[in-house]
Amino acid sequence: MSNPLRMDISPRVVKVFRRHLTVYRRNWKVSLSFNFFEPLLYLAALGYGLGVYVQAIEGLTFIQFIAPALIASSAMFSSAYECTYGTFIRMEFQKTFQAMVATPVSMDEVSLGEILWGSFKSFLYGSVILFVILVLGLVASPWALLVPVVLLVSGLLFASLSMIWIGLVPNIDSFNYYFSLVITPLFLFSGVFFPLSGLPAIAQTLAWASPLYHVVNLTRGLVLGNVGMHLVWDFVWLVVVAAVLIPIAIHLMRRLVIR
Amino acid sequence: MEVITARNLVKEYHGLRAVNDISFSVHRQECFGILGPNGAGKTSTVRMMFGFSPITAGALHVLGWDVTLDAREIKARLGIVPQENNLDLDLKVLQNLLVYASFFNIPEPQARERALELLDFFGLSDKHDAKVDHLSGGMKRRLTIARALINNPEIIILDEPTTGLDPQARHTVWQRLRQLRSRGVTIILTTHYLEEAAQLCDRLIIMDHGDILDEGTPGLLVERHVGAEVLEVGQGAVAADNLLKQFQNQIRGHLVVGDNLVLYPLNGRELLSRLQDLPQQFDHYLLRPSTLEDVFLKLTGRGLTE
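Here the protein sequences come in this chain order: B and A. Be aware that the first sequence starts at 12, since it is given in the numbering used here, and climbs by one per residue. Be aware that the second sequence starts at 583, since it is given in the numbering used here, and climbs by one per residue.
Some clues are possibly wrong.
[Said to hold, decoys possible] Computed cross-link-like contacts, BS3-like style, restricted to lysine-lysine with a CA-CA straight-line distance of at most 30 Å:
no., chain 1, residue 1, chain 2, residue 2
1, A, 709, B, 40
2, A, 827, B, 106
3, A, 674, A, 709
4, B, 40, A, 827
5, B, 40, A, 674
[Unchecked claim] Listed next, with one range per pair, are the computed distances between beta-carbon atoms:
no., chain 1, residue 1, chain 2, residue 2, range
6, B, 187, A, 713, 47 to 55 Å
7, B, 244, A, 640, 51 to 59 Å
8, A, 641, B, 49, 48 to 56 Å
9, A, 638, B, 103, 47 to 55 Å
10, A, 695, B, 38, 22 to 30 Å
11, A, 713, B, 147, 18 to 26 Å
12, B, 147, A, 746, 49 to 57 Å
It is worth saying that the hints were derived from the structure and are not from the lab. C-beta atoms are modelled at their ideal positions from N, C-alpha and C, and glycine is treated no differently.
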């Protein structure tokens, strides 16, 4: 057997991405409105509802505190949904992968195309939230223009993580566990709703291992204009972890489909 | 000229042998059939041809390229029609062909021209703006075959092309495949319909349990194993042993299928009249031309659909 991490990737991966884009263009309105509806509910209920009873956090109102973090979390959810349910349906029910692999497209390109697509979804849905909070007057700094770049990298990471889950547990029912054991805990304990400085040291150490924690640091820092070297390190963390996860996801998917 | 050569090809899944050390070759511009029941190893064999299944052992060359090294070169020149439809249900008919063409790096105007030509050839011209999901089973199949031709392949591989189609849709597909063959496309098809194999294939291999049982033209296979005619005897109460003893010089072989005795006569008419002269009563006699199914029954002791 050749080196499992040797990948067969050519520019044809763009064709896979374009296939997803072509399909998406047929129903983007419905899909987009659903995906940004939920973060809006969070903003309304927690920011304007609960926020009234919450004292200022690090000098910010509650809605100012959570709004930039919701960019990060909804981006995470969109790529996680896309690269679990979306990917699995294409692979298992629609047999789209099988169709693509019968052309000069390689399985590795199919997988990378899925990851790029998941990253694009993260970028798209996160940017929509960014736009909404901009309209609500919750964006304080032009550094926010860099948020979409963060969303692309975080999308690569969460797309790969989700496809690694498929590669290990290729079963549509298992995705519930992925969301309740991985994605939701990340959502709750990565500093979206409260600063981690109040938690015990052990929890803060654990949070460092959470990808979402770094994404939240970045979106919050950029939206509020608190930039500095600490954000560079958060970004480097994301790039390194994404770069490690991508080939693992591609390898596991190849092992799953090409038998 | 050989376009596909398999030498001692083996495919194992988790230690289970699906293809057991088989060798065969496919010639340019022929229609080559792989006939066998479900689980015979047909699909595994064709999947290896386009790199969807890595080979476990042996060698497989397609158009001179090695499947383990040059899958992309090979796939650029093949058309694949899988067993299960995998059209893009989210896309319209024409879009399906265009997106597929993009995987071959075919420029859009050229792809469009070719797609319209193919839709016309497969009688789907008026459907090019229809949703794939709304097509009938036969139309989906024709569209899948049209899609496989978008890159002008030298070889088209069809895995059970008419399984699940009604007889009329099946005949339409056969007709198109014959036309393709007459245009010089090499066709490889797997099937468990003996009629399909007999109607379309110039040459075929019969597979069972991962082995090739025999290979040849349909006529040759029938001639070699059972001869031109078979005589079926519903023997009723009469013991097969007695009959066989009595007629052993007039038959070249036999097979017992339930309470049916299938004889392979040297001279069908003569044997039939001899049988009719016997005092015993039989449930029925049937003298008929032999088919590939008789060959398969003889080779495996069971039918294709069992």
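Status of the hints after comparison with the structure:
| no. | hint | verdict |
| --- | --- | --- |
| 1 | 709/A with 40/B | holds (26 Å) |
| 2 | 827/A with 106/B | violated (56 Å) |
| 3 | 674/A with 709/A | holds (9 Å) |
| 4 | 40/B with 827/A | violated (79 Å) |
| 5 | 40/B with 674/A | holds (18 Å) |
| 6 | 187/B with 713/A: 47 to 55 Å | violated (31 Å) |
| 7 | 244/B with 640/A: 51 to 59 Å | holds (53 Å) |
| 8 | 641/A with 49/B: 48 to 56 Å | holds (55 Å) |
| 9 | 638/A with 103/B: 47 to 55 Å | violated (24 Å) |
| 10 | 695/A with 38/B: 22 to 30 Å | holds (29 Å) |
| 11 | 713/A with 147/B: 18 to 26 Å | violated (39 Å) |
| 12 | 147/B with 746/A: 49 to 57 Å | holds (55 Å) |
Taken one by one, the earlier hints fail for this structure at numbers 2, 4, 6, 9 and 11, listed in ascending order.
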